[in-house]
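Which chain is which? The protein sequence lines are A and B, in order. According to full-length UniProt numbering, the first sequence is numbered sequentially starting from 1. According to full-length UniProt numbering, the second sequence is numbered sequentially starting from 1.
Since the hints were derived computationally from the structure, they do not count as laboratory data. The structure presented is a predicted model; accordingly, all values stated were derived computationally and were not measured. Using N, Cα and C, we set each Cβ at its ideal position, and we do this for glycine too. Keep in mind that the hints are not guaranteed to be accurate.
Unchecked claim - Here are some chain B residues pointing at chain A (derived, C-beta under 8 Å):
#1 Gly42
#2 Glu47
#3 Ala52
#4 Ala59
#5 Leu61
#6 Leu64
#7 Met65
#8 Thr92
#9 Ala112
#10 Pro121
#11 Pro123
#12 Ala127
#13 Ala131
#14 Ser133
Unchecked claim - DEER-style ranges, computed between Cβ atoms:
#15 B:Arg125 x A:Ser233: 50 to 56 Å
#16 A:Pro152 x B:Asp74: 38 to 44 Å
#17 B:Cys43 x A:Glu127: 31 to 37 Å
#18 B:Gly103 x A:Leu257: 42 to 48 Å
#19 A:Arg164 x B:Pro84: 34 to 40 Å
#20 A:Leu123 x B:Val143: 46 to 52 Å
#21 B:Gly82 x A:Asp118: 36 to 42 Å
#22 A:Ala43 x B:Thr37: 50 to 56 Å
#23 B:Glu126 x A:Thr258: 18 to 24 Å
#24 B:Gly98 x A:Gly5: 38 to 44 Å
#25 B:Asp74 x A:Pro212: 40 to 46 Å
#26 B:Asp6 x A:Asp118: 29 to 35 Å
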Amino acid sequence: MLDDGLSPMAGGTDLLVPGRKAAGRGVALLEGLPGLDGVAMTAQGLRLGALASLAALERHPVIRERLPVLAQAIACLGSPLIRNMGTMGGNLVTASPAGDTLPALLVLEAVVELASRDGRRHLPVAEFLLGPGRTALGPGEIVAAVRIALPPPGASQHFEKVGRRDALAIAVASLAALIVRDEAGRVVEARLAVGSLAPTARRCPSAEAALPGRRLDREALLEAGRRIRDEISPKGDLRATAAYRREMAGRLPLRLLTLA
Amino acid sequence: MNEPMDIAFRLNGRPVELTTDPGRRAIDVLREDFGLTAAKEGCGSGECGACAVLVDGTARLSCLMLAAQLHGRDLTTAEGLGRPDAPHPIQTAFAVHGAVQCGYCTPGMTIAAAELLARDPAPDREAARRALSGNLCRCTGYVKIVDAVLAAGAALRGEES
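This is chain A alone, in the form it adopts within the complex:
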């Protein structure tokens, strides 16, 4: 069916909205296909089926315990009704610069499992997201799952979203963080990713490099924020100006003081 130009449909919360690219065109329902749903524990970590609902993932005990940055990101996506229908795979394939799960998947270094009639291949999320609404999906290919290796139990994780309101808000700016510290509280590894501040959700390697060896104090976090500002390319839209986004981007890391 994909050969006929039909759009594969998971939860439908984006695809069926009037005015979107697939509205009025045919869709191929993925629901019910084997191997696309549910969460499985593997030797490498968690495999989140592409059709797993965001609500199911938000409530999953292992995700809440070990991937809180993802649980937090999902909790502020859309509304409970949207999360009951929307899926992990759908949020990826929609590839919105503001997709709420995407910064979280980037700091978790998640890998996308792509499937087609010719077999499967795996791509890091950063390589899967090419631009607004553009992904590395080839013709006849679907997202089958997302694979995430569990971070070390001591890693601190946080997701922060700025929106016009809590529910049903498209992010003005967002930040996902995964920080590993030593016993003295000094950063060993920092992973930072932002949403709504560039054509895709993206990691901020220069800001990440500012943190190792330091404590998560105000100075260190403001330095990371300055570097984030240099790494992004925010646009203005009806939700916020580019200048406001740049200002917020530099301030978001201060929320990590709550981890200190």
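Given chain A, work out where chain B should sit, using these hints.
Same frame as chain A, now just chain B:
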């Protein structure tokens, strides 16, 4: 227009069948083919919750579901929660607490509340507000609606409210 498809599902406790274009929206099937008008189209894009129905016990937006997705499912609309002569405790609580003004959002609110109370029989105010955060009321606000949901929870737990 697609080839018509035979669709069989449970609707408010009864098995039903129809043959229709699988690409029609579920809300249109409910309203036009079954005359069930509780689910309402507010925004048509998933932002208002007025079209919410329970699908296998989970609250979903019928404006973003296709007829084909109904096949094999167990659907409950607000009409299936209770009837005017035998209302569901949630519906009674909405009436008693004055949680209804124009009524357009009410069926969706009661569906979202039904899912919440099935999952969490004793929610606090914050949990109720979060559970209803995808259902918009443009008349009057949410205080009485949240009051009603909490009272319905108490009633379902067999407590005095």
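Verification of the supplied hints:
1. Residue-level restraint check for Gly42 (chain B) is violated (minimum Cβ-Cβ distance to chain A is 12 Å; threshold 8 Å).
2. The interface hint given for Glu47 (chain B) is met, as the beta carbon of that residue sits about 6 Å from the closest beta carbon of chain A, less than 8 Å.
3. Taken as an interface hint, Ala52 (chain B) checks out: its beta carbon lies about 6 Å from the nearest beta carbon of chain A, inside 8 Å.
4. Interface restraint check: Ala59 (chain B) against chain A, minimum CB-CB distance 6 Å, threshold 8 Å, status holds.
5. Of the supplied interface hints, the one on Leu61 (chain B) holds, with its beta-carbon coming within about 5 Å of a beta-carbon of chain A, less than 8 Å.
6. The closest approach between the C-beta of Leu64 (chain B) and any C-beta of chain A is roughly 5 Å, which is under the 8 Å cut-off, so the hint is satisfied.
7. At about 7 Å, the closest approach between the beta carbon of Met65 (chain B) and any beta carbon in chain A falls short of 8 Å, and the interface hint on this residue holds.
8. At a threshold of 8 Å, the smallest CB-CB gap from Thr92 (chain B) to chain A is about 23 Å, leaving the interface hint violated.
9. The beta carbon of Ala112 (chain B) is positioned within 8 Å of a beta carbon in chain A (closest approach about 7 Å), and the interface hint is therefore held.
10. Interface restraint check for Pro121 (chain B): the shortest CB-CB distance to chain A comes to about 16 Å, outside 8 Å, so the restraint is violated.
11. The beta carbon of Pro123 (chain B) is not positioned within 8 Å of any beta carbon in chain A (closest approach about 12 Å), and the interface hint is therefore violated.
12. Interface hint at Ala127 (chain B): violated, since its Cβ lies 11 Å from the closest Cβ of chain A, which is beyond the 8 Å cut-off.
13. Proximity of Ala131 (chain B) to chain A holds as hinted, the smallest CB-CB distance being about 6 Å (cut-off 8 Å).
14. With a cut of 8 Å, the hint placing Ser133 (chain B) at the interface with chain A holds, because the nearest CB-to-CB distance is about 4 Å.
15. Between Arg125 (chain B) and Ser233 (chain A) the beta carbon distance is about 41 Å. The supplied range of 50 to 56 Å is therefore violated.
16. Restraint check, Pro152 (chain A) to Asp74 (chain B): a C-beta distance of roughly 43 Å satisfies the suggested window 38 to 44 Å.
17. For Cys43 (chain B) and Glu127 (chain A), the hinted distance range of 31 to 37 Å is satisfied, since their beta carbons lie about 35 Å from each other.
18. In this structure the hint that Gly103 (chain B) and Leu257 (chain A) lie 42 to 48 Å apart at CB holds, the actual value being about 46 Å.
19. About 39 Å separates the C-beta atoms of Arg164 (chain A) and Pro84 (chain B), a value consistent with the hinted range of 34 to 40 Å.
20. Checked against the hint of 46 to 52 Å, the C-beta distance between Leu123 (chain A) and Val143 (chain B) comes to roughly 48 Å, which is consistent with it.
21. Checked against the hint of 36 to 42 Å, the C-beta distance between Gly82 (chain B) and Asp118 (chain A) comes to roughly 53 Å, which is inconsistent with it.
22. One distance hint, 50 to 56 Å for the beta-carbon pair Ala43 (chain A) and Thr37 (chain B), holds here, with the actual separation near 52 Å.
23. For the pair Glu126 (chain B) and Thr258 (chain A), the beta carbons lie near 19 Å from each other, so the given range of 18 to 24 Å is met.
24. Separated by about 52 Å at the C-beta atoms, Gly98 (chain B) and Gly5 (chain A) break the suggested range of 38 to 44 Å.
25. Range check, Asp74 (chain B) to Pro212 (chain A): Cβ separation about 53 Å, and the 40 to 46 Å hint is violated.
26. Checked against the given bound of 29 to 35 Å, the beta carbons of Asp6 (chain B) and Asp118 (chain A), roughly 33 Å apart, stay inside it.
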